[in-house]
Amino acid sequence: MKPRIYALLIFLLSVFPIAEGAERREPIRLSGDLEVAIEFEYRASEDEYLFDFPLYGDLGLLYQGALVESALLVELIEEVSIGESYIMGGSDISYLKLGFFKEDWGKAHSASIIDILNKRDDRYPGNFFYRNEMRPNPLFLLSYGKGDMAGQIALSHKEENIESINDALLGVQSFVIGTGIDISIGAIREIGYPPPLFFLSAKGEGLSYGVWMEFGWWYYGDGPDRVDTIIGARQDFSRSSVLAEFILERARPFLFLEEEFQVDTQIKFDLQGFIYLRSFSAALNGYIETSLDEKTTLQLGTYLFFGGRGTFFSRFIEERDNDDTVYIKLNYSF
Numbered sequence: 009m010k011p012r013i014y015a016l017l018i019f020l021l022s023v024f025p026i027a028e029g030a031e032r033r034e035p036i037r038l039s040g041d042l043e044v045a046i047e048f049e050y051r052a053s054e055d056e057y058l059f060d061f062p063l064y065g066d067l068g069l070l071y072q073g074a075l076v077e078s079a080l081l082v083e084l085i086e087e088v089s090i091g092e093s094y095i096m097g098g099s100d101i102s103y104l105k106l107g108f109f110k111e112d113w114g115k116a117h118s119a120s121i122i123d124i125l126n127k128r129d130d131r132y133p134g135n136f137f138y139r140n141e142m143r144p145n146p147l148f149l150l151s152y153g154k155g156d157m158a159g160q161i162a163l164s165h166k167e168e169n170i171e172s173i174n175d176a177l178l179g180v181q182s183f184v185i186g187t188g189i190d191i192s193i194g195a196i197r198e199i200g201y202p203p204p205l206f207f208l209s210a211k212g213e214g215l216s217y218g219v220w221m222e223f224g225w226w227y228y229g230d231g232p233d234r235v236d237t238i239i240g241a242r243q244d245f246s247r248s249s250v251l252a253e254f255i256l257e258r259a260r261p262f263l264f265l266e267e268e269f270q271v272d273t274q275i276k277f278d279l280q281g282f283i284y285l286r287s288f289s290a291a292l293n294g295y296i297e298t299s300l301d302e303k304t305t306l307q308l309g310t311y312l313f314f315g316g317r318g319t320f321f322s323r324f325i326e327e328r329d330n331d332d333t334v335y336i337k338l339n340y341s342f
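Per this note's numbering, the sequence shown runs over residues 9 to 342.
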């Protein structure tokens, strides 16, 4: 039986009994999200135009008690599947979490060196602006600590069918959280196979700014090692925010830039892009989003690519070219 079926049975048996005994002041919360899009796409690799009408949605239940939290999420992305579903018990720092969920130890914005505990969600459109969309998978997380210092141990399996413990990822990190600063150090490796990833990350935030960095060292032993680095900063203004990141991934230098401008209380403009510094090729994602009401937004946007084409913008994309796209998205959340 696949793990997703096990998860569904476990959480149907765990969430609802908890709810029956819960007080009225701690009810189960129901949440949902539905996104309908119309996409007009030009595929340069095939020199053809096409329309697409993707439909995404999710429906979830969340229970939060004094010491126990449990969740069940059903997703619609190409097909119906179990999303982030877990049971967690303990305090804010020391707790145990088990189920299907996403665990991101990274601190960067547009990309992350440390986001390897989950696999990339390939159900989303295949351009690199979705590189941080991860898919939940079987995970065990133990968090422990006191005060400003804590540690975590994670055991993750990215494949649906678990055949061997040697295929699982084991991650360990220690971190210090102070006033406006967060520093982490740790390692992640596949139990039965090299190489391990040793990492250091830090993030500092003030009232109107933020700075962060990620450093990753892939130790291959007999072969050449690999070093990845991300350094970023954000500055907030009264109606806008500007963000920049330098990314060195597999010895390839990138620059990520983003500006978000709040036109008024209902309309927002966002422009973001990657620049490959060796060829100055660029890819842009710009959109205008308006709030129709408290639960509904309408977004009109585009993906545009300039200069060299291909898949070098993301390590995750192997079979698709970077294709120009114009889209309209209608999103309803409750």
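These aren't lab readings, by the way, just hints derived from the structure by calculation.
Where hints are given, some of them may not hold.
Below 27 Å or equal to it, Euclidean Cα-Cα: the simulated DSS-like pairs (lysine-lysine) are [claimed, not checked]:
id : residue 1 : residue 2
1  : K127      : K154
2  : K166      : K154
3  : K337      : K276
4  : K154      : K110
5  : K154      : K211
6  : K166      : K276
7  : K303      : K211
8  : K303      : K166
9  : K105      : K127
10 : K276      : K303
11 : K276      : K105
12 : K166      : K127
13 : K105      : K154
14 : K110      : K337
15 : K110      : K303
16 : K166      : K110
17 : K127      : K303
Here the structure is a predicted model, which is why all the values come from computation and not from measurement.
For each hint, the structure was consulted:
A threshold of 27 Å between alpha carbons decides the hint, and for K127 with K154 the separation of about 31 Å lies outside it, so the pair is violated. For a cut-off of 27 Å, the pair hint linking K166 to K154 is broken: about 30 Å separates their Cα positions. Pair hint K337 plus K276 holds up; C-alpha atoms about 14 Å apart against a cutoff of 27 Å. For the suggested pair K154 and K110, the alpha carbons sit about 24 Å apart, so the restraint of at most 27 Å is met.
Straight-line distance between C-alpha atoms of K154 and K211 comes to about 20 Å, which keeps the hinted pair within the 27 Å bound. Pair hint K166 plus K276 does not hold up; C-alpha atoms about 36 Å apart against a cutoff of 27 Å. A threshold of 27 Å between alpha carbons decides the hint, and for K303 with K211 the separation of about 32 Å lies outside it, so the pair is violated. At roughly 33 Å between alpha-carbon atoms, K303 and K166 are farther apart than 27 Å, so this suggested pair is violated.
Taking the CA atoms of K105 and K127, the gap is near 19 Å; set against the 27 Å cutoff, the hint holds. Simply put, K276 and K303 have alpha-carbon atoms about 15 Å apart, close enough for the 27 Å limit, and the pair holds. Our distance criterion of 27 Å between C-alpha atoms is broken by K276 and K105, whose separation comes to about 36 Å. Between the alpha carbons of K166 and K127 the distance comes to roughly 6 Å, so the proposed pair stays at or under 27 Å and holds.
Restraint check for K105 and K154: satisfied, since their Cα atoms lie roughly 18 Å apart, inside the 27 Å limit. In summary, the hint linking K110 to K337 is supported, as the alpha carbons are separated by about 25 Å, within the 27 Å threshold. Pair hint K110 plus K303 holds up; C-alpha atoms about 25 Å apart against a cutoff of 27 Å. With a C-alpha separation of about 11 Å, the suggested pair K166 and K110 falls inside the 27 Å cut-off, and the hint holds.
For the suggested pair K127 and K303, the alpha carbons sit about 30 Å apart, so the restraint of at most 27 Å is broken.
The structure shown violates the earlier hints numbered 1, 2, 6, 7, 8, 11, 17.
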